[in-house]
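Using the sequences plus the hints, can you model the full thing?
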Amino acid sequence: MATGTPDKKTLTVIITHAPYQGTLARSGLDAALAAAAFDQPVQLIFSGHGVYNLLEQDTETAGTRNISKLIASLPLYDIEPLYIEAAALAQLGIATTALPAGIQVVDEPAISALIDRSDHVVNF
Amino acid sequence: MIYSLLVLASPMAGQTNRTAAGFAAELYNRGHSLHRVFFMDAGVETALATPVVPQDEVNPQALWIALAQQFDVQLVACVSSALKRGLLDEMEAARYEKVAATLHPNFELGGLGQLVDASAHSDRLITFGGV
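Chains as they are written, first to last, in the working numbering: chain W, 1 to 124; chain Y, 1 to 131.
These are computed hints drawn from the structure, not numbers from a lab.
The model shown is predicted, which means the values in this text are computed figures rather than measured ones.
It is possible that part of the hints are untrue.
To be verified - Think about it this way: if two alpha-carbon atoms lie no more than 20 Å apart in a straight line, the pair counts; the simulated DMTMM-like pairs of lysine to aspartate or glutamate are: (1) Lys-8/W <-> Asp-39/W; (2) Lys-8/W <-> Glu-80/W; (3) Lys-8/W <-> Asp-123/Y; (4) Lys-8/W <-> Asp-117/Y; (5) Lys-84/Y <-> Glu-108/Y; (6) Lys-98/Y <-> Glu-108/Y.
Claimed, not checked - Examples of chain W residues lying across from chain Y (beta carbon under 10 Å, computed): (7) Lys-9; (8) His-17; (9) Thr-23; (10) Gly-28; (11) Ala-34; (12) Asp-119.
All residues carry an ideal CB built from backbone N, CA and C; glycine is no exception.
Next up, the structure:
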């Protein structure tokens, strides 16, 4: 358990939903960005189908807003690296070469360690 | 211990929203304090003033309202999630020239900063997730 000061807490945001399945992935990114904008340390983990958020997307035909720009803006808010669950990549057959720069592939013990050093964990 | 809750689940689907309300009530029973409940994504539907639920169904909103009336807990609906879903207070309804305000008076609209503040000022922040 991390011991944050009263006004600064390490927030871990775990995104498990695919980008256009609903609005949760987008909400998770918004929450992470808001926390970072208020100078809170943020750890962002993409797990399960959440790893689909990192793939290059063509949303023109789908008529929805592209989430890739939001992902690309994360380092500007000091949300880096982006943590990606290794098992999810293996299960979904996604090669790390398909993912953007600035990611870190993490196994279960590494995810446990990230959670352990968080004050709060929220799941989207 | 100081708790805050992040509720992402719609009150209309599944049991998660109801579980969150039960959890909130139990916090008071156990002597904890509840700093804020932040409704986001489909969770903001909890704050609608206008749902009409069939007589043989339960809307968990009633549990939240009872909680707000008994304990003066802050029930905040994320403004960006809310506006998209037609959930407006008087000010937003006037600003966007919509026919009516639709926010229940026991709830308020607030920005994501209110979630960050809840995180910063609570010992525990519990997510009641969406689907």
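Measure nothing beyond the straight line between the CA atoms of Lys-84/Y and Glu-108/Y; if it is 20 Å or shorter, mark the hint as holding. Answer holds: Lys-84/Y to Glu-108/Y is near 16 Å, not above 20 Å.
Lys-8/W paired with Glu-80/W [C-alpha distance capped at 20 Å]: Holds. Lys-8/W to Glu-80/W sits at ~18 Å (cutoff 20 Å).
Hint check: 10 Å Cβ-Cβ cutoff, Lys-9/W to chain Y: holds (5 Å)
Answer holds if the nearest beta-carbon of chain Y is closer than 10 Å to that of Thr-23/W; otherwise answer violated. holds (6 Å)
Hint check: is the beta carbon of Gly-28/W less than 10 Å from a beta carbon of chain Y? holds (9 Å)
Answer holds if the nearest beta-carbon of chain Y is closer than 10 Å to that of His-17/W; otherwise answer violated. Since the shortest Cβ distance to chain Y is 8 Å, the answer is holds.
Measure nothing beyond the straight line between the CA atoms of Lys-8/W and Asp-39/W; if it is 20 Å or shorter, mark the hint as holding. holds (8 Å)
Double-check Ala-34/W for me: the hint is only fine if its C-beta lies closer than 10 Å to a C-beta in chain Y. holds (3 Å)
Does Asp-117/Y lie within 20 Å of Lys-8/W when you go C-alpha to C-alpha? The given pair, whose Cα atoms are some 9 Å apart, holds under the 20 Å limit.
Within 20 Å, alpha carbon to alpha carbon, are Lys-8/W and Asp-123/Y? holds (12 Å)
Given the proposed pairing of Lys-98/Y with Glu-108/Y, does the C-alpha separation stay at or below 20 Å? The hint holds at about 18 Å.
With a cut-off of 10 Å on the beta carbons, see whether Asp-119/W makes it to chain Y. Asp-119/W check passes; min Cβ-Cβ to chain Y is 8 Å, inside 10 Å.
Of the numbered hints listed earlier, not one is contradicted by the structure.
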